[in-house]
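S.K.: Residue-level listing of the chains:
There are 2 protein chains.
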Amino acid sequence: MQFSVKMRSAKGGPHEKGGRHISGAERILDENDVEKGVVAMLRRARNHQRGKADFISIKIEEIKEDEVIFKPLIAVHSCIAKNVAQGHAIAKEKLQSVGVSALAIERGFSALLALKDSIRGAMLFDAFTGERLDNFGNRGVRVTKMDCAGAAEYEEKLAKVGLTGEHVREALVLASKVASAPGMVAELCWADDPDYVTGYVASAVGGYIRIPIMKEMGSGVGGRIFFVKHDCDIKVLSEYLQEQLVLITFGGNVDVEVGTNFRKKTAIN
Amino acid sequence: MQFSVKMRSAKGGPHEKGGRHISGAERILDENDVEKGVVAMLRRARNHQRGKADFISIKIEEIKEDEVIFKPLIAVHSCIAKNVAQGHAIAKEKLQSVGVSALAIERGFSALLALKDSIRGAMLFDAFTGERLDNFGNRGVRVTKMDCAGAAEYEEKLAKVGLTGEHVREALVLASKVASAPGMVAELCWADDPDYVTGYVASAVGGYIRIPIMKEMGSGVGGRIFFVKHDCDIKVLSEYLQEQLVLITFGGNVDVEVGTNFRKKTAIN
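The listed protein sequences derive, respectively, from chains D and B.
When we follow our numbering, the leftmost residue of the first sequence carries the number 1, and every step to the right adds one.
When we follow our numbering, the leftmost residue of the second sequence carries the number 1, and every step to the right adds one.
No wet-lab data here; the hints were simulated from the structure.
Keep in mind that a hint or two might mislead.
Where chains are identical, the list cannot tell them apart; a pair therefore holds if satisfied intra-copy or between any two copies.
What the hints assert, rightly or not - With a straight-line cut-off of 20 Å between C-alpha atoms, the simulated SDA-like cross-links for lysine to any residue are: (1) K17 / K64; (2) K59 / G24; (3) K6 / F128; (4) K6 / R46.
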């Protein structure tokens, strides 16, 4: 039996009473993993870099079997980039190799680089014309309701190839759900954490390609773009991303690409 | 640092979407006891005799130091009663010995025995005239926002005298907060659980007297009466019972009365 476990935390009281948001998390867990998951969320809320939450809300809800679908973890690759220019060049090459047009890539990068503030969700771009397709503004399209299937086994397997920690799990699970979405071509992302310059390009065909530097250290602006097919049904896609419960299964497909620009790299933080 | 931890659980979805209430709990815990307390609440919600909750909400909120006051645990006594008549006779004698008039006692018992359905809160009765003073109808006056101070130490000490389990802790903590309320004379209570026929009389002067049988086995109707002073300020009293955070300190005063009607009895379930 599976459960949805959601956490939100704030400082200065509950969100609805003006508290400042500290952290949020959502997991889909086997019955036996719920307690452990809840404890991990409590610790996360109390030890967050944004501050120590003084309000934490946790909601646990049973999931009906027919509400869940399973999708595979996409293959994981890592590469080397020494500076932002190299990182962006790799990302562009990878996006183009999985079917995003040069025009759409340029428009996508311009949109991300023009952001004054981080965008929590993703912007949707036509992978052919490079037009922005969503009307979610600075909110973007959120991706929720996903997790790994069988958390304990999943983490053990990932740990064997040197991938540990909640951020890795969350990034890979999110990218895998996104890659499985109807009409999706590829995803481009870098984080808003000023100390974390890593980003990635992900797609069903090309897998998850971690790029170690995609922005200058100290920049607190991050964002995410989904490049979608020209005839993509935005409503169907958004519903899938926001409403469909997806559990990501681990097929052991964590590969490591090695070549001129690539070397074996095990730590994805 | 202290935290308020509240849990509510339901079956058939959240309460607000029509789910049936399964269980609720509220604790005030030291920071170090929060995780353990949350896990205990999860287990309680999932293993309740009313059913297995499929929705659980937990809210954790930091408490400011000046919001809390400390009150002592009242002395705990146990007695023997072989049937309902004996139980009621002991209860009446005990209520009278701490200042409730014979008239008020009769009116209180009549009110409890006339209940068609359980009352979640308490009815307020004038300890002198026996008039009902509150206008809360079938809801009654709830008592919330209390716990033992230093849960671990408290439970260890109670366990040494054979008092274990959540129900004991909750009953003693509630009775101790009630006994400390401004204008309170005594409390009379029996539970609504059909399998649980035990009840008690409690007061600041007389302590907590557990009476093993106060209703017939199988009766699912329970209730609680607070007998208060004739000049009691109901508003002040209700606010104390419902809003004042009270932590109950353990002074080791778990006595056992032994006499004609009493014997040492250690299990209070």
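S.K.: Confirm or reject each hint.
M.R.: Verification of the hints:
1. Within a single copy, K17 and K64 get their C-alpha atoms only as close as 33 Å, which misses the 20 Å cut-off; across copies the closest is 16 Å, which meets it.
2. For the identical chains of this complex, K59 and G24 are neighbours both inside a copy (12 Å) and across copies (14 Å), given an alpha-carbon limit of 20 Å.
3. Taking the shortest Cα distances, K6 and F128 never come within 20 Å of each other, neither inside one copy (36 Å) nor across copies (52 Å).
4. For a Cα distance limit of 20 Å, the shortest separation of K6 from R46 qualifies both inside one copy, at 15 Å, and across copies, at 17 Å.
When held up to the earlier numbered hints, the structure conflicts with hint 3 and nothing else.
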